[in-house]
Amino acid sequence: MTVALVVAFGLGAVVIALTGGDPLAAFGEMLTGGFTGSGLRNTLSRMIPIVGMALAFSLAFRSGVLNLGGEGQMLMGALFGTMTAIVLPGPGPVVIVAALLVGAAVGALWALLPALGQTKFQVPLLITSLLLNYVARATTSYLVRYPFGEPGAAFASTVAVPESNRIPDFPFLGGGISISLFFVFGLVALLAVVYRRSVFGYETAMLGFSGPFARYGGVDVERKTLLVMASAGAIGGLVGSHLVLGETYRYIDADMIAQTGFAWTGLMVSLLAANRPVAILLAGFFFAGLQIGGFAMERATKVSWQLAEMIQALVIVAVVSRLGLTWRRRRKLGEEVGPPQPEMETAHVGEV
Amino acid sequence: MLAQLVDMSLWESVVRALIPVLLAAIGGLICERAGVFQISLEGMMLAGAFAAVAAAHVTGSALAAAAAAAVAGVLLSLVLAFGAVSRGGNAIVLGVAINILAVGLTSFLLPQLFGVRGSFQPEGGVRILRIAIPGLSDLPFIGPVLFNLSILGYAALLLVPATWLFLFRTQLGLRLRGVGERPLAAETLGVSSTVYRYAAVVASGVLAGLAGAQLALGNVGVFTEGISSGRGWIAVVAVMLGRAHPFGVLAACLLFGFTEAFGFRLQGQGYPVQITDALPFVVTLVALVIARKRFRRLLDLTASTV
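Protein sequences, first through last, are from chains A and B. The numbers in the first sequence follow this note's numbering, run straight up by one, and end at 359. The numbers in the second sequence follow this note's numbering, run straight up by one, and end at 308.
Worth double-checking, as some hints may not be accurate.
[Stated by the list, open to error] Simulated DEER-style distance windows between Cβ atoms:
1) A:Pro219 / B:Leu186: 50 to 56 Å
2) A:Ser217 / B:Thr190: 26 to 32 Å
3) B:Ser63 / A:Phe189: 56 to 62 Å
4) B:Ile277 / A:Glu254: 27 to 33 Å
Read the hints as simulated data drawn from the structure, not as lab findings. In this text, a Cβ means the ideal position worked out from N, Cα and C, and glycines have one as well.
Build the full structure now, drawing on both the sequences and the hints.
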């Protein structure tokens, strides 16, 4: 991973220099902006969706299920969660819980579509989950513009969620951080235990290791696939609902479509962390900080913040191309290493 | 009402919608035949569109724009080739990462190079050259539909039989398929799977890059963030539905082109734009379910991802 980071930041520096910027100044601003002072607070806030989507991705991916539909699951969950918080009467806390449950349920249902496609019709989930993102975008855009939209609004959005039904911020930490962060930490701990200590965790890991092997070992592969997809979708729906109930307080179409980037950042975080929850927390902190630092960098040096996205993708490309692995082995063996063996491949993305 | 919706000018827009997807899908099918699962078409298309617009802006030449698009596609394809073929990394995960990289790269370079966000219109109004073939373009119906296309449009359509000839009637094509189906046997006969796979992936980079050029400079002459908007993924599906056979893939692309054109027509009739946006994906999903049980290999591939 060290090699991957060096390669990614190195290439990032080259791109900055080529486009007429000063790489060192830019990276300096990025790190101080993302990991110190008020930037740190924003980084913690941004961890909520990033770590959340990473956990959702890891749940399916460690079972060998490549769910590329995080975007859509997040959007659908967010919209229905928001509508619940807007229309449901009752005391605030009850409505919030109900809204989150609806968001999770809708996210889970949306994730079950591609899962059922794979288990019932043998249509690869990898591709259908992705295609459904575009369907979800169009569906949510339509609903927000017409039936659920605020009449006469300049841009497509729902009305604001009543103040009593919003997810509160922590009373300490200087404000600005939603208590959802607490639940994200809880989810990390829960999944860490589930993955390592439960039958479910063992069976799904076995499924990820080898489908036929798991089937032979008595695992109901179809049911587990449905279960991990529903759970992943539920987390996606929760993250989406948080983004509205805890951050923006109204579902704004263009804004939410921009936020779908969290699904992909989460995917990268999970890949970097090899699907391990605690490592996801650390990698999520790092990537969130890079993005927040990117905004500071743009203000100070005119290097646009998307540099952060680019560097993150480069890290993942380098990790997946196993740059580090080869160099380490080469050093150890002191000789040229041929194409890696199949068992290395399973070791890499699974449990390194 | 159907008569209003389906007429000759519809078929013109069908072909227009078809071309970028077909270009990318031919690249995808060559990779599939060489045994590399290629899902970074979307990213290469996006990078190609950006490079084309940037080059058109700087040089004012459509040829330079197309060349830049091809180079951009090739650069990204080399990432996949190196990671998946040389390093034995997982092609699916790499493909996903390359798609994200292309989004990051283009959305970084857009403000960095041109100081704008969202979209950029190059100076000079450069377009990919459109040629009406004398005589043929005057034929009723098929004239305007098939013989009044951009150069890349003709290239895409001609590539379908050309790819078929290459794959099934040449020695190189046979070897390429051998590498895809029985890599060990091919190696034993002295056919390097590495060389053929690199070549296939690079070819897909050229084609997907050009698809991006056609997308950005074929009709409107503008780059918008996320301009590929899922067409690279549709191309992946077209390869699956067409079973990596050139004519099958053409048929699948036609289905997509028809759906997109039909969606635009519906929009013209006052239906919401979201129907146009969703229709190609909904139809593609339905087609996947109908054509099920053809995807065993891909299922095996994804099952061994972790």
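| Which of the stated hints cannot be reconciled with the structure, identified by number in ascending sequence? | 1
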